[in-house]
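Visitor: Same order as they appear, the protein sequences are chains A and B. Once you know that position 44 of the first sequence is 44 in the working numbering, the rest is easy, because the numbers rise by one and skip nothing. Once you know that position 424 of the second sequence is 424 in the working numbering, the rest is easy, because the numbers rise by one and skip nothing.
Calculated from the structure, these hints are not laboratory results. Nothing here was measured: the structure is a model prediction, and the numbers come from that model. Every residue gets a Cβ at the ideal spot worked out from N, C-alpha and C, and that includes glycine. Please note that the accuracy of each hint is not assured.
[Claimed, not checked] Cut-off 30 Å, straight-line C-alpha distance, at most; resulting in silico cross-link-like pairs (DSS-like, lysine-lysine):
| hint | chain 1 | residue 1 | chain 2 | residue 2 |
| --- | --- | --- | --- | --- |
| 1 | A | 61 | B | 106 |
| 2 | A | 61 | B | 58 |
| 3 | B | 443 | A | 102 |
[Claimed, not checked] A short, non-exhaustive set of chain A residues, derived as facing chain B with CB atoms under 8 Å:
| hint | residue |
| --- | --- |
| 4 | 86 |
| 5 | 89 |
| 6 | 98 |
| 7 | 157 |
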Amino acid sequence: MGSVSYVYLQWIGHGGPEEGMLEDVKDHTQSVFRVPARIAEAKEGPADAFDPVRGQYSSTKILRWVLRDVPADAGKIVAITDNDLFIPVLTFVFGEAQLGGKGAVVSTARLRLDFNGHPSPPRLFRARLLKECMHELGHTFGLTHCISSRCVMSRANTVRDVDGKDWSLCRDCKRLLVELQRRQDN
Amino acid sequence: MNKKKTRILVVDDEEIVRESLCAWLQEDGYSVEVAPNGGVAIERMKSEPWAILLVDLKMPGIDGLQVLEEARKLQPDAFVIIMTAYATVDTAVKAIKIGAYDYLVKPLRPEELSSMLERLIAQQELMRENLLLKKALKRQYSFQNFLSKSKKVQDVFDVAKAAADSASTILVLGESGTGKELLARAIHEESPRRTGPFVAVSCAALTESLLESELFGHEKGAFTGAASQKRGKFEQAQGGTLFLDEIGDISPKLQVDLLRALEERRFYRVGGSEPIDVDVRIIAATNRDLKKAIDEGTFRDDLYYRLNVIAITLPPLRERKEDIPMLVEHFVEQLCVETGKRIEGVSTETMDFLVGYDWPGNVRELKNVLERAAVLVKGPIIEPDDLGLPVTGASDTEGSTESLREMERRHILKVLNEQSWNVTRSAQALGIDRVTLYHKIKKYDLRE
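Sequences and hints are given; from them, build the entire structure.
Guide: Rendered as structure tokens:
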């Protein structure tokens, strides 16, 4: 029998994570992907990922940094940060993942705000975070964007897009996930 | 849309840009690869097809605009998007002029990039559908390589298709440049003889004795210079089709020889004594009025009736002007392949002129005019000035009462003067062959 591998959830923000936030993500991960999940020890993210000109953090640099130190039994790792993330071509990203790889990073910064930049209710923020964590984790399992706007794997460019999604995978993505997981196990 | 089939090449010298953009696009399901500089990008373009190229403007060595220029040559169907963090109006204008699909100033909002890519792929799919539709239309309006949607030519196609199945001799009539040989080839390709040879002879281009030897071949020593035995066109066309162009120009003696060969299905090589059986379908063509030639005693009526089993008359281009836009598009596409130039088409003004012009040299002249324009054109669109035709003159004559004969006379004289009476060059410019030009010079009594 092979050893069990876990999906690790790790806080790498400046402040501490809100109470119960990572536990929620963990429960959802286990429910949606049917894999065991664990919460890793929190760390402060890499300082060199900060771009003083843009006042944002490079998601690609953070992802590289996260992958440098991964628990031995980690099949996947999702880092969650309160830093605003960007990639050079775009003004911001909610997160970044390695397609079919090991790591992903999700930012809470823009998920806390509504479309006009005002703070959103905490419950709404929590729902968005769960959806985006499932979304990025889905990429690490090899799932690409889904054309169904209700599926958690649909592309979200705004918080409105995130709010329009369900919490879980659509039927087609679920089937595809089973196939991808079977291939990864083999 | 099938994103997995959409191949995107990201060209940027910064690793972090390549990596992040590649990851972002892969999440969308695109098939993405990266190139760290312009040189690698050009090599990748030489070896693989790409639907979209996202190219950074400022790169050491070969920059984004140079990559764009190469892409236009190597992969004209690919959409190139130039990306830059330092936008200037000049470079944006230059990029779009060279043929970039868009010019992006980094950073973009995610929804801008998403929607632009979706728009672009939808456009590519539309172009593909368009192409398929065009091909289907071409099939509908074509008889082999002969294109026309005019009622007159469609009727010709119907007769030609029926004639193709038979073994009958066909006489193709029509002005110079109307496509008589093209139709003959099409009939051959549609006929049960398609696996056999198609052999064409221009009867007007050779003297009587040379044409005789050309048609029937000769034995060794048949005449001075006949150092070895030679198979003639009749023998070469065995099992296939022999196309006799400008049949109205052959001498009385050869008319007799040809008639005998057609009636007996056998002939003798020049200087030969053994008859040679022949199995060829004859398609003859002429731009001359054979009935008039019979009346004048220059053409045998028995040969005329032997040739005129099935007669097909090709209308001149001025009588099927509805075909001009389709022919222009067809020739421009052909010229793009032949010249490697990226010509999108002709301007509305040019098309108006082309449709309005009378085309004394018919389709051949149209093709030659476009060939010349393809060499001269600077941008992607052919303008009236590129045509080398008397544009203002054509519109001036539209309302005039000048006869077609006078217009033709004047135009031929003008071209001859322009070409210093060099008949070869003048014939090329007019889109007619030299023999026809000699006839016209004689007919109109033109003098230097």
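Visitor: So which hints don't hold here, by number, going up?
Guide: 3
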